[in-house]
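A.B. asks: Protein chains in written order, with the numbering used here: chain X, 286 to 434; chain Y, 138 to 298.
By construction, these hints were calculated from the structure, which means they are not laboratory data.
Among the hints, erroneous ones may be present.
Covered stretches of chain X, as calculated for chain Y (at least 3 residues, CB under 8 Å) [said to hold, decoys possible]:
1. 324–334
2. 337–351
3. 359–365
4. 384–397
With a straight-line cut-off of 30 Å between C-alpha atoms, the simulated DSSO-like cross-links for lysine-lysine are [what the hints assert, rightly or not]:
5. K231(Y) x K384(X)
6. K231(Y) x K262(Y)
7. K144(Y) x K262(Y)
8. K384(X) x K237(Y)
9. K262(Y) x K237(Y)
10. K237(Y) x K144(Y)
Fair warning: this is a prediction, and the values are worked out from it, not measured in the lab.
For each residue, glycine too, the CB sits at the ideal point set by N, CA and C.
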Amino acid sequence: MASEIEPEKPGRRLEQALAAFPHAQAIGMTLEPQPDGRLLVGAPYDERLIGDPATGVIHGGVVTTLLDTGCGVAAGLKLKGKAWVATLDLRIDYMRPSKPGHAIKARCECYRLTRSVAFCRGVAFDDDEADPVATAAGAFMITNTGWKE
Amino acid sequence: MTGDEEKARRDAALERLTLTSPYHRFIGVSFTRMGDELTARMAYSGHLIGNPTIPALHGGVTGALLEITALMQLAWDDLWRRMEAGDAEAYEGKSVGMPKTIDLTIDYLRSGRPRDCWARATVQKAGRRVANVRVEAWQETRSRPIAAAHGHFLMPDAPRP
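With the sequences and hints as input, model every part of the structure.
C.D. replies: Here you go:
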C-alpha cells in the first residue's frame, strides 16, 4: 500500500490518488482525512464482497483491505506525501462478523514515524465505533522515493 | 464405486465448498487438490492492483488470499475426514461448519507482481476449539514467497460422524 497525497489539498489529492488505485475503486472505497490526523476509510455493503452467502456477511478479506489501505494512507498523510510506504506486516484481530447490509468503516492512524518505519493501527466497525468488528496493527516501511520530484 | 467416481465426487465437493463465496469469485480464487492438500490460485485481474505505479497487487487482496486458503484448508480437512468415514452428507456439502478467523498476522515479503498468485496452507495444530495455521503465497517461484501469514481460527461445532 502506498499513497501520494499533497497535504495542502488533501481532499482533492485523495480523490485523485484513490481514482488511480484500481482495487480501492473496485470495492468503492472512500477516504476521509480527519482534523485529528487520523483517516476514516469505508466501503459500502456490496453483494460481490459477501464471504458466506448463508449469512450475507462481508468477507474478512475486505476488512483486511480497508485496514491496510487506511493505515498506509494515514502514514502517507503523516509523511505529507514526501515518501511512499509499503506494508511490512499487518496483524488483524477479528472481534465479530460485520452486520449484513451495513457499510464497513475503519478509523486508522499512524501513531509513530521513525526514519525508516511508520507504525500504524486501525479499528474497523459498522454502526458503533465502540463495538469494533476488527482491529489492526501494522508496520510500514518508508521508501526513500517521494512522489514529488 | 470406482476410484474415478470417488475422485469426481470429492472434486465436486471441493468446488461446492470453495466456489459458493461471492468474494472468492470477485478476487478470482479457486482451488485444486492433491488428495487432501489444497492449492489456491488467484487469477490475475486488473482490479486486484493496489498501487498502479509499481504496479503491485493490493496488500489487502494478498492478505485475503492467505486467509481464504487457511479457512478452506481447515474446512476441507473436516470434510475429508467425514468422507473417509463414509459420511454421505459431507459430499453434498451438508452441515459444513466454517471456521472463524480469530487473528491473522501477515508478513509482506515481496511486492506482488501483476500475474497469477498461488497459496498453500499448513495446519500446525488442529485443536478441538482452535486451529493454528501457516500460509504462504507465491507467484512464479515457490521458493520466493511474496507473503506469509499465521493465524488462529475458531473451529465450528459441526456434528462429527
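A.B. asks: Evaluate each hint against the coordinates.
C.D. replies: Now the hints, each set against the structure:
Counting residues of the stretch 324–334 of chain X whose beta-carbon sits less than 8 Å from any beta-carbon of chain Y gives 3, enough to reach three: the coverage restraint holds. A count of 10 residues in the stretch 337–351 of chain X with a Cβ less than 8 Å from any Cβ of chain Y is obtained; the coverage claim is therefore met, three being the minimum. Proximity of the stretch 359–365 of chain X to chain Y, defined as three or more residues with a beta carbon under 8 Å from a beta carbon of that chain, is not established by the 0 residues found. Counting residues of the stretch 384–397 of chain X whose CB lies closer than 8 Å to any CB of chain Y gives 0, which falls below the minimum of 3, so the coverage claim is violated.
Distance restraint check for K231(Y) and K384(X): the Cα-Cα separation of roughly 24 Å lies within the 30 Å cut-off, and the hinted pair is therefore satisfied. Distance restraint check for K231(Y) and K262(Y): the Cα-Cα separation of roughly 25 Å lies within the 30 Å cut-off, and the hinted pair is therefore satisfied. In summary, the hint linking K144(Y) to K262(Y) is supported, as the alpha carbons are separated by about 27 Å, within the 30 Å threshold. Our distance criterion of 30 Å between C-alpha atoms is met by K384(X) and K237(Y), whose separation comes to about 15 Å.
Distance check on the hinted pair: K262(Y) and K237(Y) sit about 15 Å apart at the alpha-carbon level, within 30 Å; holds. Taking the CA atoms of K237(Y) and K144(Y), the gap is about 28 Å. The hint holds against a cut of 30 Å.
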